[in-house]
Amino acid sequence: MVEDEGIRRYVAHFILWIGIAIVAFPVYIAIIASTQDNALIANGQMSLLPGGHFFEVYYQTIFVGTSGSTREPVGNMMLNSLVMALAIAIGKIAISIISAYAIVYFRFPFRMSIFWIIFITLMLPVEVRIYPTYKIVADLHMLDSYAGLSLPLIASATATLLFRQFFMTVPDELLEASRIDGAGPLRFFWDTLLPLSRTNMAALFVILFILGWNQYLWPLLITTRDDMQTIQVGIRKMITTTDALTEWPIVMATAVLAMLPPVFVVVAMQKLFVRGLVETEK
Amino acid sequence: MANVTLRNVRKTYTGGFEAIKGVNVDVADGQFCVLVGPSGCGKSTLLRMVAGLETVTGGEIDIGGRVVNQIEPADRDIAMVFQNYALYPHMSVYNNMAYGLRNRGMAEAEIKTRVEEAARVLELSAMLERKPRQLSGGQRQRVAMGRAIVRQPKVFLFDEPLSNLDAKLRIAMRVEIRKLQRRLNTTSIYVTHDQLEAMTLADILVVMNGGQVEQVGNPLAIYEKPATTFVASFIGAPPMNLMSTRPDEIKSQLDGAADEAGIVGIRPEDFAITDQTPAGGVALPLTVEAIERVGAETFVYGSREQEDQRVAATPGELPPGEVIVRIPGTDAPAIGQKIRVAAVRPKLHLFSGDGRTRIEA
Chain A
0 MVEDEGIRRY VAHFILWIGI AIVAFPVYIA IIASTQDNAL IANGQMSLLP GGHFFEVYYQ
60 TIFVGTSGST REPVGNMMLN SLVMALAIAI GKIAISIISA YAIVYFRFPF RMSIFWIIFI
120 TLMLPVEVRI YPTYKIVADL HMLDSYAGLS LPLIASATAT LLFRQFFMTV PDELLEASRI
180 DGAGPLRFFW DTLLPLSRTN MAALFVILFI LGWNQYLWPL LITTRDDMQT IQVGIRKMIT
240 TTDALTEWPI VMATAVLAML PPVFVVVAMQ KLFVRGLVET EK
Chain B
0 MANVTLRNVR KTYTGGFEAI KGVNVDVADG QFCVLVGPSG CGKSTLLRMV AGLETVTGGE
60 IDIGGRVVNQ IEPADRDIAM VFQNYALYPH MSVYNNMAYG LRNRGMAEAE IKTRVEEAAR
120 VLELSAMLER KPRQLSGGQR QRVAMGRAIV RQPKVFLFDE PLSNLDAKLR IAMRVEIRKL
180 QRRLNTTSIY VTHDQLEAMT LADILVVMNG GQVEQVGNPL AIYEKPATTF VASFIGAPPM
240 NLMSTRPDEI KSQLDGAADE AGIVGIRPED FAITDQTPAG GVALPLTVEA IERVGAETFV
300 YGSREQEDQR VAATPGELPP GEVIVRIPGT DAPAIGQKIR VAAVRPKLHL FSGDGRTRIE
360 A
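Going down the list, the sequences are from chains A and B.
Following numbering that gives the first Met the number 0, the numbering of the first sequence begins with 0 at its first residue and continues without gaps.
Following numbering that gives the first Met the number 0, the numbering of the second sequence begins with 0 at its first residue and continues without gaps.
Just so you know, the hints here were simulated from the structure itself, not pulled from any lab data.
Do not rely on the hints blindly, as some may be mistaken.
To be verified - Derived EDC-like pairs (lysine to aspartate or glutamate); straight-line CA-CA distance at most 20 Å:
| # | chain 1 | residue 1 | chain 2 | residue 2 |
| --- | --- | --- | --- | --- |
| 1 | B | Lys224 | B | Asp274 |
| 2 | B | Lys153 | A | Glu175 |
| 3 | B | Lys130 | A | Glu172 |
Please model the complete structure; the sequences and the hints are all you need to start from.
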């Protein structure tokens with residue numbers, strides 16, 4: 000920041016506030032709507048001030064669910080989403096850090112070919128390979144299970160590439176010093192490389208958790224049982240109702256609840272995340 | 000405590016590049032051996048081969064009577080200090096020093112004694128809990144030394160440990176390293192490209208060039224009797240003046256000796272500004288081109304009337320026809336002045352025409 004001078008500063012702040020309003024208003028509406036009476040929303044008379052149904056709406060949402068469509072309590076959907084998102088984030092980090100370690104630090108036959116094969120899978124996201132992936136998951140009897148929800152999304156190249164790039168910036172002398180200090184490959188990985196990757200892992204965890212949490216197509220496809228539904232799929236199902244009024248307060252409450260875990264993860268990891276960007280510990 | 004012997008050691012990289020072309024060096028127990036040479040001469044590669052970080056293509060490396068060619072670095076009983084220190088950034092100073100000992104399964108009490116002793120010697124006691132990034136360059140260097148000391152290895156290996164420090168600190172640490180090595184009496188091999196560091200530290204100096212050893216010996220002996228023109232110009236600063244013996248001006252003064260020799264070398268400090276021509280010496284008329292006064296001494300850069308042909312290709316070599324003269328004090332001739340400089344016979348170094356052989360006159 001250079002010196003801000005008078006009027007310019009107010010103009011800049013004014014523009015920023017407009018931006019904030021545009022982004023925040025829908026969120027505000029969702030929170031307000033989740034505290035109103037459904038009848039008021041349905042006939043278009045929703046107030047912009049909080050209504051008086053906060054506790055009953057959220058209680059019903061979390062523990063009971065809608066009276067129509069899915070009939071699944073949102074609490075359970077959140078648990079499913081949480082398990083899936085955590086499994087994807089942790090599984091991806093674990094697998095990719097190990098494969099990156101192998102690719103960067105070991106010389107084995109076809110090392111580069113393997114690297115390129117991993118690299119090429121970047122071009123094949125789930126949406127592209129959805130039919131064969133579904134077939135495999137179905138044949139392995141993993142439909143309607145946590146494994147089926149998370150495993151196909153764990154295998155991906157992005158995290159491997161990220162760790163590879165990071166490992167290549169770690170000075171070779173650290174490995175050599177470890178060898179002289181009597182640390183074998185596993186010791187070096189555990190004692191030196193993992194602690195050094197901490198901030199990278201945190202950054203990846205944030206990104207991958209949100210990615211996993213926001214999955215829609217894949218869970219929609221492989222879960223048929225209501226009790227295996229994730230929250231993103233659940234919201235969609237709540238909105239479409241036949242012969243009944245959509246229960247907007249519950250839909251909005253679900254949307255608000257769906258926002259909370261990613262917000263929590265970002266806030267909790269922010270310090271580590273930013274430190275990873277600012278600090279060079281090499 | 001051990002001697003280190005390199006027997007015809009070779010290193011060829013896949014792709015055919017020959018980095019080390021048969022090196023024989025014998026470092027006795029407790030000696031401080033310095034490998035010196037220009038960058039790319041293979042000195043670091045050779046050190047890393049002793050450490051076990053590079054494979055050995057041919058020959059034998061013997062540490063304390065045991066051929067270690069096939070032995071892992073950790074089992075060679077060596078400790079190494081790296082140029083960039085290679086401290087573990089996430090570990091405290093204490094843990095950096097203790098890590099190697101813990102990996103060997105040493106008891107925590109013994110580790111504590113050793114680390115604290117090393118910290119005391121290196122004046123690091125107050126910073127054992129700090130992380131490397133909270134330390135200055137000199138302190139990091141000392142931690143790297145500490146990590147080597149606590150191991151109590153048979154051999155210390157130093158890979159240009161001082162080149163990341165500023166000039167003043169470098170001199171201080173140089174003295175520290177020498178004192179420490181004397182006290183511990185541990186065989187050491189030290190790689191540097193700085194000839195001053197090499198001269199001051201070494202018990203035994205190995206001058207390397209192009210993957211080969213040019214000369215091995217006591218530093219002063221090498222200074223006094225360099226075996227090749229490469230050694231002559233590499234050891235000593237400013238470098239030795241090397242001149243072809245072809246021009247009549249020099250040839251006539253060398254009477255006879257010039258027949259065998261193709262190159263005559265005279266160190267800047269062996270010249271004196273004088274009108275006399277000493278018997279059997281060499282006198283040259285010069286035009287003063289530049290003066291460098293550094294206080295205790297002055298360097299006079301002069302050009303000879305005759306254009307000389309280039310005699311040897313070495314780093315830091317003077318342009319042909321230029322001569323450096325080093326005189327004490329600050330009383331120097333003026334720029335553009337014509338002077339005569341002379342050196343007496345015992346101070347002349349004669350080499351064969353290709354610069355590979357020294358000729359004793």
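Evaluated hints:
1. Taking the CA atoms of Lys224(B) and Asp274(B), the gap is near 28 Å; set against the 20 Å cutoff, the hint is violated.
2. Proximity of Lys153(B) to Glu175(A) is assessed by CA-CA distance (about 18 Å); at most 20 Å being required, the pair is judged to hold.
3. A C-alpha spacing of about 18 Å is found between Lys130(B) and Glu172(A), which places the hinted pair at or below 20 Å, so the restraint holds.
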